[in-house]
Amino acid sequence: MTLMLNTLPQIRKPINSPFISFAKGTKERESLLKEIENITNAKPETLPLWINGTVLTKTEKRTCIAPHNFNFILAYYATASEEYVVKAIETVLSARKKWLTLPWQFRLSIFQTAARLLETKYLYKMVAAVMEDYSKTPYEAFIDVQELIDFLNFNCYYASTIYAEQPDSNVDTLNLLDYRPLEGFVYAIPPNNFVAIEGNLPTAPLIMGNVVIVKPSSDVVYSFHLVLKILLEAGLPKDVLAVLHGDSKMISDIILDHPMLSGVHFTGGTDTFKELRWKIAQNEYKDLYKGFVRIVGETGGKDPIVVFDDHDPVATAAAIVVGGFGAQGRKCSATSRVYMTNEMWQKVRPVLLKFMETIKVGDVADFKNYMGAIINQRECAKIVKYIRNAFNPSEGEGVLEVLGGSFSTSIGWFVHPTVIVTKNPHYLTMQEEIFGPVVTICTLPQRKFKERVLKLCDETSPYGLTGAIHTDNIYTFCEALDELRYVAGNMYNWKTTGAMVNAQPFSGSRKSGTNSKVGWRLNLYQWTEPRTIGQTLVKPTDFAPPYLDTD
Numbered sequence: 001m002t003l004m005l006n007t008l009p010q011i012r013k014p015i016n017s018p019f020i021s022f023a024k025g026t027k028e029r030e031s032l033l034k035e036i037e038n039i040t041n042a043k044p045e046t047l048p049l050w051i052n053g054t055v056l057t058k059t060e061k062r063t064c065i066a067p068h069n070f071n072f073i074l075a076y077y078a079t080a081s082e083e084y085v086v087k088a089i090e091t092v093l094s095a096r097k098k099w100l101t102l103p104w105q106f107r108l109s110i111f112q113t114a115a116r117l118l119e120t121k122y123l124y125k126m127v128a129a130v131m132e133d134y135s136k137t138p139y140e141a142f143i144d145v146q147e148l149i150d151f152l153n154f155n156c157y158y159a160s161t162i163y164a165e166q167p168d169s170n171v172d173t174l175n176l177l178d179y180r181p182l183e184g185f186v187y188a189i190p191p192n193n194f195v196a197i198e199g200n201l202p203t204a205p206l207i208m209g210n211v212v213i214v215k216p217s218s219d220v221v222y223s224f225h226l227v228l229k230i231l232l233e234a235g236l237p238k239d240v241l242a243v244l245h246g247d248s249k250m251i252s253d254i255i256l257d258h259p260m261l262s263g264v265h266f267t268g269g270t271d272t273f274k275e276l277r278w279k280i281a282q283n284e285y286k287d288l289y290k291g292f293v294r295i296v297g298e299t300g301g302k303d304p305i306v307v308f309d310d311h312d313p314v315a316t317a318a319a320i321v322v323g324g325f326g327a328q329g330r331k332c333s334a335t336s337r338v339y340m341t342n343e344m345w346q347k348v349r350p351v352l353l354k355f356m357e358t359i360k361v362g363d364v365a366d367f368k369n370y371m372g373a374i375i376n377q378r379e380c381a382k383i384v385k386y387i388r389n390a391f392n393p394s395e396g397e398g399v400l401e402v403l404g405g406s407f408s409t410s411i412g413w414f415v416h417p418t419v420i421v422t423k424n425p426h427y428l429t430m431q432e433e434i435f436g437p438v439v440t441i442c443t444l445p446q447r448k449f450k451e452r453v454l455k456l457c458d459e460t461s462p463y464g465l466t467g468a469i470h471t472d473n474i475y476t477f478c479e480a481l482d483e484l485r486y487v488a489g490n491m492y493n494w495k496t497t498g499a500m501v502n503a504q505p506f507s508g509s510r511k512s513g514t515n516s517k518v519g520w521r522l523n524l525y526q527w528t529e530p531r532t533i534g535q536t537l538v539k540p541t542d543f544a545p546p547y548l549d550t551d
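Residues 1 to 551, numbered by the numbering used here, are exactly what the sequence shown covers, in order.
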């Protein structure tokens, strides 16, 4: 039986969650320190799979560790066998009809409740969990949690505005658009660098009435289970979301081979995304699926700043530090390549070097540190390889100098801020995504700088995520915007990072993804299958049009 209510509720348009500084002497700082202490002193528990309830499997258990302290075990987690992947699919599909027929206003209220719980009861606990799990400083951890709050609040509002978008009717017809969920289930695959994405990838489809299986990154299972706890406390039915961890390939192979797969919500590596799309394409060619699978994905970035000589060198240096080294450069939007003239570099260099010398790297629970650790050994080793190559470049590659570049892996995966300066615009680190605190600055001659730099910026990287143009000349700014039209899905005039939900819808194209713009209503359209319903008010009883002579 479906509940019928004669009501069209108005969902309040939210505002962005307020910023908290955690400055010395504030009560917020004391609350956060207490939660960090609670995590530090807690006995590690085993985190279960979630398939209509907790599932502790007999397969291997894996360890959640803090990247900045190998000896700090946050938790253990259960891993899925093939039978549990199959069970997860069966469970969410069985829950589908009841979930999609729940009146939408009650469905949205669950996620509004989750946002409120996260902003109040669980705020400091979640910030502390993100600090330890992702090795993020208080600032970076908080803005990450803040973004998840905004995702939940604004997505509920956007859903209500989508449902209100209806076609015109006229004197003879009543026309409706029914925004149905997808016909099947959605597979959410979040990354290991943002809890906001970890929470948004499964909840955006859920908000639109879909059922979801999520496979959190193995590096950050600990924090995801706090997100799950909040959703369940907010009233999310136990069977509409299944949580699996373990062997990514095995889990994905089973899920991608299921005929009722209807969508994939992904953020991660470009190669992984290509493999997902290729497998889905092969299955579609074989008519395995009931319909065409919606594939929504965000991958990497090689995000540039183009600096013109009229810009403030101090502001440029600050943008490089914030964009390149915040959260250890582990943002797909992180500043990674910078172009400027030789003359401008001489102005920027001393300021940038001074900023870099003040940055401390270490345990994020020490509030003197601006940076924490890299998330795992594999990613750390990849970053270090680029740095070592820069110190010993092949002849002719054009590295002029390396600022910083130290690293340590004795107690955590620490890489210090690094700036590689080159005269070669095609040097390896100007082209390849590094996903770490390494910024490459290419210095070019002043002569024909504008023409050359805009062409290089457009053609050097396959990605198209974020970017920035540094100039005080509005004509130069607009010309650069035009020439760099497809270089970035988000273009700024200062730093390349920090898009806010509802203010700067985020994502890119080219090899950076499908540009579905999370943080705005455009993403939510991906999780609906609209149905037009037309009702003729007075049905004609004669087929003949007026022009037809019937005599």
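It is possible that some hints are incorrect.
Heads up, simulated DSS-like pairs for lysine-lysine below, C-alpha to C-alpha not over 27 Å straight-line [stated by the list, open to error]:
1. Lys290 x Lys87
2. Lys249 x Lys511
3. Lys87 x Lys354
4. Lys58 x Lys290
5. Lys238 x Lys98
6. Lys58 x Lys249
7. Lys229 x Lys97
8. Lys34 x Lys58
9. Lys27 x Lys229
10. Lys229 x Lys347
11. Lys286 x Lys274
12. Lys448 x Lys354
13. Lys121 x Lys238
14. Lys385 x Lys423
15. Lys98 x Lys229
16. Lys58 x Lys27
17. Lys34 x Lys98
18. Lys354 x Lys27
19. Lys274 x Lys249
20. Lys24 x Lys13
21. Lys97 x Lys290
22. Lys274 x Lys238
23. Lys360 x Lys347
24. Lys58 x Lys229
25. Lys354 x Lys24
Don't read these hints as lab results, they were simulated from the structure. Owing to the predicted nature of the structure, the values given are computational and were not obtained by experimental measurement.
Cross-check of the supplied hints:
1. Lys290 x Lys87: Roughly 20 Å between the alpha carbons, so the hint for Lys290 and Lys87 holds.
2. Lys249 x Lys511: holds, 22 Å
3. Lys87 x Lys354: violated, 56 Å
4. Lys58 x Lys290: violated, 34 Å
5. Lys238 x Lys98: The given pair, whose Cα atoms are some 12 Å apart, holds under the 27 Å limit.
6. Lys58 x Lys249: Within the cut-off at roughly 19 Å; holds.
7. Lys229 x Lys97: OK: Lys229 and Lys97 at ~24 Å, within 27 Å.
8. Lys34 x Lys58: violated, 35 Å
9. Lys27 x Lys229: At roughly 25 Å apart (the allowed maximum being 27 Å), Lys229 and Lys27 satisfy the hint.
10. Lys229 x Lys347: The hint is violated at about 51 Å.
11. Lys286 x Lys274: holds, 18 Å
12. Lys448 x Lys354: Since the Cα atoms of Lys448 and Lys354 sit roughly 30 Å apart, the hinted pair is violated (cutoff 27 Å).
13. Lys121 x Lys238: With Cα atoms ~21 Å apart, Lys121 and Lys238 stay inside 27 Å; holds.
14. Lys385 x Lys423: holds, 20 Å
15. Lys98 x Lys229: holds, 22 Å
16. Lys58 x Lys27: violated, 44 Å
17. Lys34 x Lys98: violated, 41 Å
18. Lys354 x Lys27: The hint is violated at about 32 Å.
19. Lys274 x Lys249: holds, 14 Å
20. Lys24 x Lys13: Cα-Cα ~33 Å, so violated.
21. Lys97 x Lys290: Cα-Cα ~17 Å, so holds.
22. Lys274 x Lys238: violated, 32 Å
23. Lys360 x Lys347: Holds, at roughly 24 Å.
24. Lys58 x Lys229: holds, 23 Å
25. Lys354 x Lys24: It holds: about 24 Å lies between the C-alpha atoms, which stays within 27 Å.
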